[in-house]
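Going line by line, the protein sequences match chains F and S. Residues 1 to 121 (this note's numbering) make up the first sequence, in order. Residues 1 to 443 (this note's numbering) make up the second sequence, in order.
Since the hints were made in silico from the structure, they are not lab data. Take these hints with a grain of salt, some might be off.
Unchecked claim - No more than 20 Å apart at the CA atoms, straight line, and that leaves these computed lysine to aspartate or glutamate pairs for EDC-like:
1) LYS150(S) to GLU263(S)
2) LYS95(S) to ASP109(S)
3) LYS62(S) to ASP139(S)
4) LYS95(S) to ASP60(F)
5) LYS95(S) to ASP81(F)
6) LYS281(S) to GLU263(S)
What the hints assert, rightly or not - Covered by chain S, per the in silico footprint, the following chain F stretches (three or more residues, Cβ under 8 Å):
7) 39-53
8) 59-67
9) 91-104
Computed from a prediction, not measured in an experiment: that's the story for all the values here. Just so it is clear, CB atoms sit at the ideal spot from N, CA and C, and this is done for glycine as well.
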Amino acid sequence: MSINHLLPNRHWLMLLALTSTLVSSGLQAETPIGADAAIAAPETLAHPCAGCHGTNGWIDDSAFMPLAGMPESIFIETMLDFREERRASTLMGMVAQGYSDAEIQAMARFFVNQPSEGTSR
Amino acid sequence: MKRREFLSLAGALAAGTMLPLGGARGATGAHVVILGGGVGGATAAKYLRLMDPAIRVTIVEKERRYLRPYGSSEVITGHVGLSDLEIDYTPLQSKYGVTFVFDEAVGFDPIAQRLALKGGESLSYDRLIVSPGIQLLYDQIEGHSEALAKARFPAAWIPGSQTQLLRNQLESMPQGGTFAIVAPPNPFRCPPGPYERGALVAEWCQRHNPRAKILILDPRNSFVTDQSMMLGWNRLYGFNIPLEFMADMPDDVQTHANPGLIEWIRQQDGGTLISLDAGSKALETEGGRVSADVINIIPPMRAGAIAEAMGLTDASGFCPIDPMTFESRLQPKVHVIGDACIADQMPKSGYAANNQAKVTARALVDLFAGREPGPPSWQNTCYALAGSEYGLFVAAVYRLQDGRITAHPGVRFQSLDATPAQIRLGAVYQQNWLASFTEDCFA
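Generate the whole structure from the sequences, applying the supplied hints.
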């Protein structure tokens, strides 16, 4: 059983239209981390996600959402929804609370540039 | 092996044969040697090769196959077999071009940057990553020994024959018998682990040995997932939650007139172990003598023996490191990752080792390129089960703050008012994580 297969990339594009306005408003949210803290490189911020979501965000046949190729606005909106507790989760709310707006944007940029087909196989 | 004995073997290096892959240091790309093919070592190798294919990576590992410790308590209850823990090193070799040398380091020359191997060869490196995991200190418990652990009182904290022995002991435990788990003192690998094990054994006993008793003897008064785990114990096994942990508990928590399978004996209730009486299968604790049919002692632990032999450990038995690069504070150009290192607020977990490996790989790529390593970033997620369909977790993001690896403040555990769907999903994710995490490390 694969939940991934229910949400191939082209469906993200449809979601994009629905969420783009929310994204622009969501990013106004207060940055929870000290603004003076140096931000890690996008790949450094993104690699920790791989323990569940797969190396470079590519994963198949799993309950976890693949992140490779995800449109930036979808990634950002989803993370902000988790962080601001607009969306229920198991642990993603707690993970998202650890990141500033700038860090979430950096991760989004990293994942959108990863091939969404399984290049690691 | 004692440190002096180990270092003296460095003299043997001059006479040893150089492996071809260990030659030409720096000529065709840097050479990184990794001691230990566990979660930390494997992840470091894979990510080094992904980040910079010009870097040559050699893993020195004793065993041809890895037995994953994460999820290994599921062997004790027969949810999976011991062979299901086996991980094959072929993908790291075929997909990422990592060289494996199935051997052991017996000598170390930090100045010449060379290792001597038991097989007689030597390996030179530009940077060395040591990811040795833990060793269990059976002898620190009076009356206990490694021989007794292997034969009668398994720890089953590093998977292998002791895991199978504990499985067999649970199956043959008499009806109404007592299964005692002795939790180790801090710091230890897998902080939610002893309590998850207690839960899984209780779930098995509910079906197969309903009058059994599971005792968790603890040198602590609290543990990492405590409230969410105790809520699961209450709902599933009739555990009575101590008053101090009742704050914010949901309305369905019950006080059971006849408490169920699990009994948690805290430090303040005398849970600290004093000694093992192997002859009469009993434990002396601060609270008195406890007899049990199955005794699972998880002993104190410290960094794997090789770390001590190489002079990487301090008085704590673990390895001090610079958290920017995981370079040892005691030996130059040697990096220590995983359970063996002192990673400040990060727990000794597989997820932590995997994330430390990635930070180290990035730092080495930068150092080889003559760049200053950038700011690191880490996460930890530990899923735990209170039952096979009852999942919970601890999760946090870590960053460097005032030179220490520091957890982002806030709630890190499953909410006590999590819905049944969230609890069930936690268990689904735990099983999916076993696969996705293994793939991120090893394939």
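Hint check:
For the proposed pair LYS150(S) and GLU263(S), the alpha carbon gap of about 26 Å is over 20 Å, so the pair is violated. Taking the CA atoms of LYS95(S) and ASP109(S), the gap is near 31 Å; set against the 20 Å cutoff, the hint is violated. With a CA separation close to 24 Å, the supplied pair LYS62(S) and ASP139(S) exceeds the 20 Å bound. Restraint check for LYS95(S) and ASP60(F): the C-alpha separation of about 17 Å stays at or below 20 Å, so the hint holds.
As the CA atoms of LYS95(S) and ASP81(F) are separated by approximately 37 Å, the hinted pair breaks the 20 Å bound. Under the criterion of a C-alpha separation no larger than 20 Å, the hint pairing LYS281(S) with GLU263(S) is consistent with the structure, at around 19 Å. Interface restraint, the segment 39-53 of chain F with chain S: holds (13 residues with C-beta to C-beta distance below 8 Å; minimum three). Against chain S, the segment 59-67 of chain F contributes 4 residues with a C-beta closer than 8 Å to a partner C-beta. That satisfies the three-residue criterion, and the hint holds.
Counting residues of the segment 91-104 of chain F whose beta-carbon sits less than 8 Å from any beta-carbon of chain S gives 7, enough to reach three: the coverage restraint holds.
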